[in-house]
Amino acid sequence: MGGISLLIESICLMAEITFPYKSDFFTDSDKSIQLVFRILGTFIILFIFIAPISIVEANIFEVTIQELGSKSRSTIKIAVKKLGDHGDPAALPALLALKNKRLAITENERLVILNESESKGRDFFTGDILNVESLVITKPMINNSVRRVLSTAIAKLKLTSDDPVLRLEAAKDLLRRSSSSIIPLVEISLIKEKNDNIKEVLLLVLAKEYLQGDDKKKRIESINTIKNFGSKEFFSVLEELLIKNDEGEFLEKDSEIRRNAAEAIKSVKKRQVFIDQVANLFYGLSLGSILLLAALGLAITFGLMGVINMAHGEMIMIGAYATFVVQNIFIKYLPSLFDWYLIVAIPVSFLASAIVGIVLERSVIRHLYGRPLETLLATWGISLVLIQSVRLIFGAQNVAVENPFYLSGGIEVFSGVIFPYSRIAIIIFVIFIVILIWMLLQKTPLGLQVRAVTQNREMAACMGISTHKVDMWTFGLGSGVAGLGGLALSQIGNVGPELGRMYIVDSFMVVVLGGVGKIAGTVAGAFSIGIVNKILEPFSGAVLGKIIVLVLIIALIQKRPQGLFAPKGRNTED
Amino acid sequence: MIKELISLHSLRGWLYSFGLLALAVILLPVLNIFISEESFLHVPNYVFPLLGKYLCYALVALAIDLIWGYTGILSLGHGVFFSMGGYAMGMYLMRSIGKEGMYKSELPDFMVFLDWKELPWYWYGSDYFSFSLLVILLLPGLFAFVFGYYAFRSRIKGVYFAIITQAMTYALMLLFFRNDTGFGGNNGLTDFKRILGYSLQEPSTKMSLFIITAIVLFLSYILSRYIVKSKLGRVLTAIRDVESRVMFSGYNTLHYKLFIWTLSAFLCGIAGALYVPQVGIINPSEMQPSNSIEMAIWVAVGGRGTLGGAILGAGLINIAKSWFTVAAPDYWLYFLGILFISVTLFLPKGLIGIFDHFSSHKKNRKL
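In order, the protein sequences belong to chains D and G. Numbering of the first sequence is given in the working numbering, commencing with residue 1 and proceeding in unit increments. Numbering of the second sequence is given in the working numbering, commencing with residue 1 and proceeding in unit increments.
Worth flagging that the hints you see were computed from the coordinates, not collected in a lab. Ideal placement from N, C-alpha and C gives every residue a C-beta, glycine not left out. Careful: at least some of the hints might be erroneous.
[To be verified] Anything over 12 Å on all C-beta distances counts as not near chain G; from chain D, calculated:
1) SER74
2) LYS218
3) GLU263
4) ASP339
5) ARG451
[As the list claims (entries may be wrong)] Below, a sample of chain D positions facing chain G; criterion: calculated Cβ distance under 10 Å:
6) SER134
7) LEU135
8) VAL136
9) LYS139
10) PHE302
11) GLY306
12) ILE308
13) MET310
14) ARG371
15) THR375
16) LEU377
17) ALA378
18) ILE382
19) SER383
20) LEU544
21) ILE554
[Claimed, not checked] Keeping only pairs whose Cα atoms sit at most 25 Å apart, straight-line, the calculated SDA-like set for lysine to any residue is:
22) G/LYS349 with D/ARG391
23) G/LYS321 with D/ALA452
24) D/LYS559 with G/SER342
25) D/LYS559 with G/LYS321
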């Protein structure tokens with residue numbers, strides 16, 4: 001009995017290789033036995049009949065590959081399908097080339113894969129390098145329907161690759177575009193697969209397909225798989241099982257399946273809530289760290305010196321443009337070291353903003369000490385001049401600052417939730433800077449002098465501290481830190497002349513909320529604004545969330561006019 | 001009462017102010033209507049909405065001068081009150097378009113565009129001019145009263161108040177930028193056709209609006225003058241100089257500050273309402289923080305603490321702006337920025353300060 005079924009199974013598999021169709025044999029047999037048979041069948045094909053079949057196969061393979069260069073789209077489509085179902089990774093380069101429009105065919109029917117500049121081509125079968133510029137080549141034309149088949153085929157071939165990254169990518173691709181024809185392929189890969197992440201995805205692919213079938217046991221198993229690993233993308237699949245028709249009867253007749261589906265929905269939802277919370281927390285931390293970077297410099301100039309610097313946003317912008325300039329210098333003179341431009345940009349952006357800040361302090365702001373409202377207006381004027389200057393130098397358009405390789409991409413923590421490296425790096429960068437500033441203020445002679453001048457300017461002057469110098473360095477430090485903020489912002493968004501404008505109101509809110517003159521308050525203010533913002537966002541939308549946060553801050557300041565971290569003491573006003 | 005009014009100004013002061021009013025209300029219209037178009041004395045039609053716009057700005061400057069120049073409270077959120085008046089007027093004008101919009105619908109065009117089926121409830125009253133007028137007169141003041149009550153009660157002052165008002169205008173700008181808020185989103189309200197049945201395209205309507213603006217500005221000026229000359233005004237100035245001492249003398253500064261803050265918002269709302277039919281559009285960019293800061297600089301340039309200075313500053317800067325944006329748009333921000341810096345550094349009393357300086361020089365020489 002087993003022998004006969006094995007034979008039939010093998011024939012089925014062979015047939016599936018060339019003509020994929022939905023096999024309904026053995027639907028009542030046990031899944032594991034079926035799987036064993038299928039694998040045995042494959043082995044038999046590969047080893048017992050290896051000699052004759054491999055010759056036939058090799059011929060079929062070559063012919064099919066050759067068909068990729070055909071003029072007819074339907075021929076290409078069938079060939080792609082065949083190659084995908086065949087499962088030989090050797091076809092992968094040809095398929096990828098077809099997808100990227102690099103596959104071409106010469107006059108004498110040689111299939112070549114072109115290089116990037118399309119000047120040279122490699123013969124697919126012989127591996128000869130041809131100079132295609134002297135040849136007449138035609139490229140096979142593909143349309144969307146071919147492209148769809150192509151993606152599935154590529155995914156299938158990748159699934160057999162040795163690289164786990166490629167396999168995971170392929171598994172995810174399949175999950176998005178699964179069809180019943182891939183069931184055997186996935187089942188085979190699942191057995192070979194050692195990596196738990198990839199296994200999970202493959203199980204989900206199978207679950208999605210089995211659910212459409214008739215086997216009740218498999219369907220319940222599938223629902224359980226979804227219950228255990230599924231993400232919110234499966235809501236629609238599960239909810240379909242609970243739909244009623246117009247007469248109020250369930251479309252799905254089996255009550256057990258319905259009950260399981262309802263449970264699965266509940267547990268998937270629960271997990272989704274958890275995932276959302278973690279994601280919100282991360283994005284909140286990320287937003288908070290960005291706000292903190294923007295506000296830290298302000299906490300120094302406004303908090304410690306009492307200077308309302310409305311041009312603070314422009315210090316951020318100058319830091320971002322300094323990063324841009326460093327990037328361009330690297331592209332032009334040191335393209336091989338391009339990825340390390342960011343390291344060089346750190347001191348450059350700090351110094352660029354610090355120098356502009358010191359010049360402003362010496363030329364304008366020091367004349368206005370003790371007149372905060374006038375300072376506000378004068379620095380606003382400075383900000384207008386700076387914005388317009390940058391516009392005239394670099395143009396009004398946004399400029400692109402590219403991530404170096406170590407900051408592009410991200411970690412996928414849950415399916416669909418990606419934490420970009422650039423944002424993680426910013427959080428770490430901010431922590432580093434906060435510690436540095438704290439050390440600078442608490443542990444160095446300059447910090448001691450800054451604190452002395454902040455507490456009592458006249459007394460500090462009497463003790464021989466040059467208050468003017470301290471003002472200058474403090475303002476330079478605050479501006480420089482803003483420049484570092486610009487460097488960080490350039491890694492996650494556009495750089496334009498108005499970059500600073502977007503952050504000025506937020507930065508002031510952070511400093512006012514945290515309490516003036518306290519670095520710890522600024523940190524707390526930034527992160528609480530960031531996290532509250534992101535938690536509100538799903539309920540109210542981004543803009544309304546921001547408005548609510550602003551209103552909350554205004555309300556909170558009514559209660560605690562000195563901010564969250566008010567300095568203790570009985571200072572009278574002014 | 002009349003005696004009191006007359007004593008607000010010296011004879012020369014009254015002559016100047018009535019002279020300017022007469023120039024705007026009588027001379028310009030006469031030059032427009034009765035002088036032939038070829039003559040160089042002829043005042044062309046386009047001048048009226050332009051001047052009307054400047055007068056609206058002057059009214060805003062007057063309002064800011066009351067709260068900043070006289071009471072020492074810098075608001076960076078007056079764009080909100082201006083926009084409230086403007087939007088209330090804009091809603092009325094929007095409703096009076098009727099079915100002449102692009103979509104020939106009963107609803108305003110942007111609602112049709114958003115596929116809304118009926119008017120949101122807060123648009124109901126705007127069919128009637130009288131109701132809209134009531135909103136224009138009450139809403140900005142009421143909003144300012146509530147906001148100011150909570151802010152002044154917690155003794156938020158100086159820079160903090162400036163920053164909070166800036167956050168307020170920023171938040172409201174974001175709110176009005178949303179399409180769902182129901183005020184036309186990004187594009188705001190525009191394409192107005194008529195006001196009280198008069199076509200807004202008619203030169204005579206434009207001229208009338210200009211004359212009304214001039215009269216409102218004149219009356220507001222007299223009112224402000226009356227307030228700053230009164231005992232109330234002196235308390236306000238005292239609050240500006242040393243608030244704690246005023247409190248220790250037994251005054252409740254909250255009431256004084258709240259009164260002048262509300263009045264300032266009230267005047268600002270009227271300015272916005274007069275501005276919209278003359279300019280033909282109101283959108284959320286009026287609530288940009290930068291706009292409100294620019295308003296404060298009009299006052300600073302003209303001269304804080306002098307009513308004439310505020311009006312002068314608003315007029316001069318906006319004339320300069322009109323000229324720059326045509327002749328040298330790239331350098332307008334340079335000009336404005338350098339003006340900000342130089343006025344705060346070198347002219348703490350504004351342009352009026354220069355005149356005063358020279359006139360006092362003359363007097364000294366006579367002695």
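Query raised in the report: Does the interface hint hold: is D/VAL136 within less than 10 Å of chain G, judged Cβ to Cβ?
Result: Cβ of D/VAL136 sits 53 Å from chain G, so the hint is violated.
**Report entry** Restraint status (C-alpha distance of G/LYS321 to D/ALA452 at most 25 Å)
**Finding:** Outside the cut-off at roughly 45 Å; violated.
Query raised in the report: Hint check: is the beta carbon of D/ILE308 less than 10 Å from a beta carbon of chain G?
Result: 5 Å, holds
Query raised in the report: Would the hint on D/PHE302 stand, with a C-beta cut-off of 10 Å toward chain G?
Result: 8 Å, holds
Query - 25 Å Cα cutoff - pair G/LYS349, D/ARG391 - result: Between G/LYS349 and D/ARG391 the Cα gap is close to 32 Å, so the pair fails against 25 Å, i.e. violated.
Query raised in the report: When you check the alpha-carbon spacing of D/LYS559 and G/SER342, does it fall within 25 Å?
Result: 38 Å, violated
Query - Claimed clearance of chain G by D/GLU263, with the beta carbon kept past 12 Å - result: Fine: 37 Å to the nearest Cβ keeps D/GLU263 off the interface.
Requested in this report: Return the status of the interface hint for D/SER134: holds when the least beta-carbon distance to chain G is below 10 Å, violated otherwise.
Outcome: For D/SER134, the interface hint is violated, since the closest Cβ of chain G sits about 52 Å away, which is over 10 Å.
Query - Interface hint compliance - D/LYS139 to chain G, C-beta minimum distance less than 10 Å - result: Hint on D/LYS139: violated, closest Cβ of chain G at ~44 Å, above 10 Å.
Report task. Closer than 10 Å between Cβ atoms is the bar; does D/LEU544 clear it against chain G? Give me holds or violated. Result -> 7 Å, holds
Query - Hinted contact D/GLY306 with chain G - closest CB pair below 10 Å - result: Holds - the Cβ of D/GLY306 comes within 10 Å of chain G, reaching about 8 Å at its closest.
Query - D/ILE382 as chain G interface residue, shortest Cβ-Cβ below 10 Å - result: 6 Å, holds
In this structure, the hints that do not hold are numbers 6, 7, 8, 9, 22, 23, 24, 25, in rising order.
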